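Engineer: Each chain, letter by letter, is given below.
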Amino acid sequence: MTGGFTTNHLIYLLYGLWWTVVLSALAFALGGVAGFIVMLGRISRRRWLRRLTLVYVQIIQGTPLLIQMFIIYFGLGVVGIDVSAILAAGLGMMIYSSAYLGEIWRGSVESINRTQVEAAECLALSRWQALIDVILPQAMRIATPPTVGFMVQLVKNTSLASVVGFLELTRSAQVINNTLFQPFLVFGIAAFLYFCVCYPLSVWSRSLERKLNVGRR
Amino acid sequence: MRYEMNFEALLPYWQDFLSGALVTLQITVLSVAIGLVIGVLCAVARRSRYAVMRTLVGIYVEAVRNTPFIVQIFFIFFGLSSIGIRMPIITAAVFAMVINVGAYTAEIVRAGMDSIHPSQIEAAEALGLSRFQIYRDIILLPAIERVYPALTSQFILMMLSTSIASQISADELTGVANNIQSNTFRSIETYIVIAALYIAITYLMRGAFHAIALVAFPRRRRLGTSL
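Protein sequence lines correspond, in order, to chains P and Y.
Going by the numbering used here, 45 is the number at position 37 of the first sequence; the sequence numbering is gapless.
Going by the numbering used here, 198 is the number at position 191 of the second sequence; the sequence numbering is gapless.
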């Protein structure tokens, strides 16, 4: 033993937690925009675009986030772009979440009855108008619970940003454990802090599912 | 700055790549197999009559599902070695994976069990089936059949998560990549090759799960509907 766990350690962990939350929010915001584009690509009328987006999604969903982080981190480095840890982590998380959010939203959009699209066409709405005014408002009800559920995955997966040197909760726990050698305590507290962020989201997602009653229609 | 991709430098390492992929597959198959058993048991326990059992399993499932895998693996690997339990890295990785897979499987299988209509169970009781028979034939197997797609994607996600075991220096695919890139200084090339290998394994697993479904759920194939 090289010393006890002090308030300073806890403050350091909370500082890590703050960056975990910041990175999660960043990943969700950027990934949401990119995910919306992925969704549009997947439901496009142009076949090549649908195929291209599908390949993108398959590549992202078929490789570990860790590898994606490494490729971005080292990749940007060798083409001469100086990558800060937050850029590599943020970009990696954005690409990762764009594929998953895109698929979640595509599923929600496609679950809207075809007759709705046809009705919109009868009203002479353009494809874009039909999407914005008819399809999306309905799809949002279906998409909300899995989207909130995905946010839990997102928060948990920011922990992988620690491997490219981004100082978030997991990294700060590692740093503290390297000096204290009390892994059960340090990683236990880290896990508890993650739980405090993720569990409310899980509960929220479940209650939304019940409230919006999506599965039982 | 122009960067020349050079994959040739990686050629001498093809055996390392292959053995890494093999280790990844082995870890996955082993932990999914054990995790499935634990998950099913937990799912049954979560529907048990005894509140204590339900609560205990509930705590386990929620604790695992709401914390990152990398923290779990650090907790287990460094934790156990700090109290003097030394085990091979792969064993520790599989141990952490089993705990993780078990919780996710439990939740998925439970959802499947809850979707079995009570009338099915009443019908089985009316036919005089025993409790064990009812659980096996009326609840469990149809439940697993129903949630099979969800289970499959969860297991593939688990396979991708084995990459995290590289952080406790397990020599699976990502661990191998870390070594190769520090030997060759060809980091992006290495990770691109590794990414391709992971995609290959993903497809391999999907094919395997599809084949298992064809054998295990012949009824669904014949009807061509999802129950």
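Watch out, some of these pointers could steer you wrong.
[Unchecked claim] SDA-like, lysine to any residue: derived pairs with alpha carbons at most 25 Å apart:
no. : chain 1 : residue 1 : chain 2 : residue 2
1   : P       : K219      : Y       : E69
2   : P       : K219      : Y       : S176
3   : P       : K219      : Y       : R54
4   : P       : K219      : Y       : P95
5   : P       : K219      : Y       : A133
6   : P       : K219      : Y       : R72
7   : P       : K219      : Y       : A118
8   : P       : K219      : P       : L133
9   : P       : K219      : Y       : G65
10  : P       : K219      : Y       : A157
11  : P       : K219      : Y       : V154
Just so you know, these hints were derived from the structure itself, not from any lab.
Computed from a prediction, not measured in an experiment: that's the story for all the values here.
Engineer: For the pair we were handed, K219 (chain P) and S176 (chain Y), check the Cα-Cα distance against 25 Å.
Structural biologist: 45 Å, violated
Engineer: Is K219 (chain P) within 25 Å of P95 (chain Y), Cα to Cα?
Structural biologist: 47 Å, violated
Engineer: Does the structure keep K219 (chain P) and A118 (chain Y) at a Cα separation of 25 Å or less?
Structural biologist: 17 Å, holds
Engineer: Are K219 (chain P) and A157 (chain Y) close enough, with their CA atoms no more than 25 Å apart?
Structural biologist: Within the cut-off at roughly 23 Å; holds.
Engineer: Compare the distance between the alpha carbons of K219 (chain P) and G65 (chain Y) with 25 Å, and conclude whether the hinted pair is satisfied.
Structural biologist: Status holds; Cα separation ~22 Å.
Engineer: Given the proposed pairing of K219 (chain P) with L133 (chain P), does the C-alpha separation stay at or below 25 Å?
Structural biologist: 31 Å, violated
Engineer: K219 (chain P) and V154 (chain Y) were given as a pair; does the straight-line alpha-carbon distance stay at or below 25 Å?
Structural biologist: 22 Å, holds
Engineer: Between K219 (chain P) and A133 (chain Y), is the straight-line Cα distance small enough, at 25 Å or below?
Structural biologist: Measuring from Cα to Cα gives roughly 35 Å; hence the hint is violated.
Engineer: Within 25 Å, alpha carbon to alpha carbon, are K219 (chain P) and R72 (chain Y)?
Structural biologist: Measuring from Cα to Cα gives roughly 22 Å; hence the hint holds.
Engineer: Take the C-alpha atoms of K219 (chain P) and E69 (chain Y), compute the straight-line distance between them, and say whether it is at most 25 Å.
Structural biologist: 21 Å, holds
Engineer: Given the hint that K219 (chain P) pairs with R54 (chain Y), does the C-alpha gap stay at or below 25 Å?
Structural biologist: 23 Å, holds
The structure does not agree with the numbered hints 2, 4, 5 and 8 stated previously, though it agrees with the rest.
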